[in-house]
Amino acid sequence: MSERKNFNHIQYILPSLLFILVIFLIPIIYTLVISFFSWNLLRPDLGIKFVGFKNYLQALKDPFTWETIGRTFYFVIISVLLELIFGFSLALSLNTEFKGWKIVQSIILIPFMIAPVVVGFAWKFIVNNDYGPLPHFLINLGLTSITENPLLANPTTAMFMIIMADVWEYTPFVTLVLLAGLKALPQEPYEAAYVDGASAIQRFFYITLPLLRPSIMVAVVIRTLTSLRVFDTIFIMTGGGPGSATETLSFYGYRLAFQSYQMGYSSTINLISFFLAIIFTLIYMKLIGWDSNE
Amino acid sequence: MNKNIIIKIVSLIIVIIALIWTLYPLVWIIFSSFKAPLEQFTIPPKWIPEKFTLRNYKIFFSNAEFVRTFFNSVLVTTSSTILALIFGIPAAYGLARFNWKHANLLSFIILLARMTPPVVMVLPFFLISRYLNLSGTYIPIIIACSFFSVPFAVWMMQGFFSEIPESLEEAARIDGCTRFEALTKIVLPLVLPGISATSILCALISWNEFLFALVLTGQETRTLPVLVNMFVSEKNVDWGVMSAAALITVIPMIVFGLLVQNNLVKGLTVGSEK
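Residue numbers (my numbering), protein chains in the order written: chain E, 1 to 294; chain U, 1 to 274.
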């Protein structure tokens, strides 16, 4: 009986397991292998040479690698923090009783369904110094110093514009996760706190926040993972520029492979991204308790 | 009592700001798609066009290449979503129903496949499809899209399957059904809303995929996000046609997404209620 049962579940899982293993592990192993080679796609005459750890040493020694990792984390931390603040305020607001919230929720969900390429285009258009509405809005507010240079041509504002596009696209996700968490909170602690005469602010800090911690952590880790992969909006809005002010790890890996054609070195840089993805995936699994059952 | 009113007012203000913030770029693009070229370039920019014109949409739909791009997107999205469901549903069922000692490892691989940055996968995909002489065909892009949607389908459907009590199937099996019959006749109809939400989200992943499409598609197999990018990278951007193309790209997904909204939210937050 147990043997039959065993056969049974393998039969369900095997096709997709094989699919994922073939499609996922072969490219990863391939990346690992070519990260030890020097291979320029435009110079077939140089051949594909084994260079040992040379790419890794170069990546570690080059300050640009560290600057790019720094920029990536700057982007991730600021966007996730803003998404958390906005998403939380919005989730708390939508958790109050009001008839129109259902429609509001649908509208707020829309950015999440829009292709990141289109999000990038929309914001690029909006912040365009000549034809976009935002710079003129800022000028009307008297903030002329910000709009002296085109917003995407100034290193500081360019990064902030990318963050803004990301916040626009993913705040809905954070809002929905937190709202689902808020709706699932037990009522008893609130009733007890009400009897004890706790103020709204006390109730928020001593009941809502601690009870909601799992949802907050899930939102933060998933968003960290997904914003580490940011590429589309950067590609469309700035192409990594001005200079390399908006170049993140993903974009750097892409540029090395498809603009400098250095297959080996690009693979090494991509493995750094992959390594970060592994770490945060493990953290996520620990959070939702997938590592603890047996 | 007073405090409640203050909270309500603050909530209302936050919601209104959120609505304006959300709709701001959308409304701008919608209006721009109805503007004639001259009106695109008024300084300062005007929101509402003086004369609504369908010119931009006509240009899009009268260009055979653009229309082809649209159907490429439909083809790639449909094929990869079907693949995701064929592979994903049985695996999700297997994971939800059987205690397998390697289940954690498998969950890790599935989640990692879902979370791996696309840039890590795109280079080996490019080199391998070049080696296999598949460049310029639909095969690499369809497989690449299913690479993202299969793990997603497994992950999401697992949540929906585990909500169906096992006793239902057991009852069916006592009545003489095999496990497979119990699955197809009893369980699948019950998780149908979950399946529709999963397929929409899988479709969303493939429809919106850009990096793989950029690297793996040729002129013949190009999808909509790549077309949008081509407009943006031109020196003289025709913002009007561009806006129309952007809207044509996003409208199908917004419509489908809102249709399955409730289950979509549930699927997106799998694991977060635990």
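Watch out, some of these pointers could steer you wrong.
[Claimed, not checked] From the derived model, a few chain U residues whose C-beta atoms are all more than 10 Å from chain E:
1) K8
2) S32
3) Q40
4) F41
5) F52
6) Y57
7) E65
8) F70
9) T137
10) S162
11) I174
12) E181
13) K185
14) E220
15) L224
[To be verified] DSS-like mimics (lysine-lysine), calculated; alpha carbons at most 25 Å apart, straight line:
16) U:K101 x E:K183
17) E:K99 x U:K46
18) E:K183 x U:K185
Don't read these hints as lab results, they were simulated from the structure.
Each residue gets a CB set at the ideal place from its N, CA and C atoms; glycine is no exception.
Could you check that no beta carbon of chain E comes within 10 Å of the beta carbon of L224 of chain U? 8 Å, violated
Given as non-interface: I174 of chain U, which should sit over 10 Å from chain E by C-beta: The claim holds: I174 of chain U sits with its nearest Cβ about 15 Å from chain E, beyond 10 Å.
So is F41 of chain U really clear of chain E, every C-beta pair being over 10 Å apart? 6 Å, violated
Closest CB-CB distance from K8 of chain U to chain E, is it above 10 Å? 6 Å, violated
T137 of chain U and chain E, when compared Cβ to Cβ, separated by more than 10 Å: Holds: least Cβ distance 16 Å, greater than 10 Å.
Non-interface label on S32 of chain U, tested against every C-beta of chain E at 10 Å: The assertion about S32 of chain U is violated, with a minimum of 7 Å to chain E.
A cut-off of 10 Å on Cβ-Cβ distance, and Q40 of chain U was said to be off the interface with chain E. Does that hold? 6 Å, violated
For K99 of chain E and K46 of chain U, compute the direct alpha-carbon distance and say whether it is at most 25 Å. 34 Å, violated
Between K101 of chain U and K183 of chain E, is the straight-line Cα distance small enough, at 25 Å or below? 34 Å, violated
Decide if the proposed pair is consistent with the structure: K183 of chain E and K185 of chain U, CA atoms, cutoff 25 Å inclusive. Distance of about 33 Å is beyond 25 Å: violated.
When you look at the beta carbon of E220 of chain U, is every beta carbon of chain E farther off than 10 Å? Non-interface label on E220 of chain U holds, nearest chain E Cβ at 20 Å vs cutoff 10 Å.
Decide, holds or violated, for the assertion that all CB atoms of chain E are farther than 10 Å from the CB of Y57 of chain U. Y57 of chain U is indeed farther than 10 Å from all Cβ atoms of chain E, at 16 Å.
Violated hints, in rising order: 1, 2, 3, 4, 15, 16, 17 and 18; the structure is consistent with all others.
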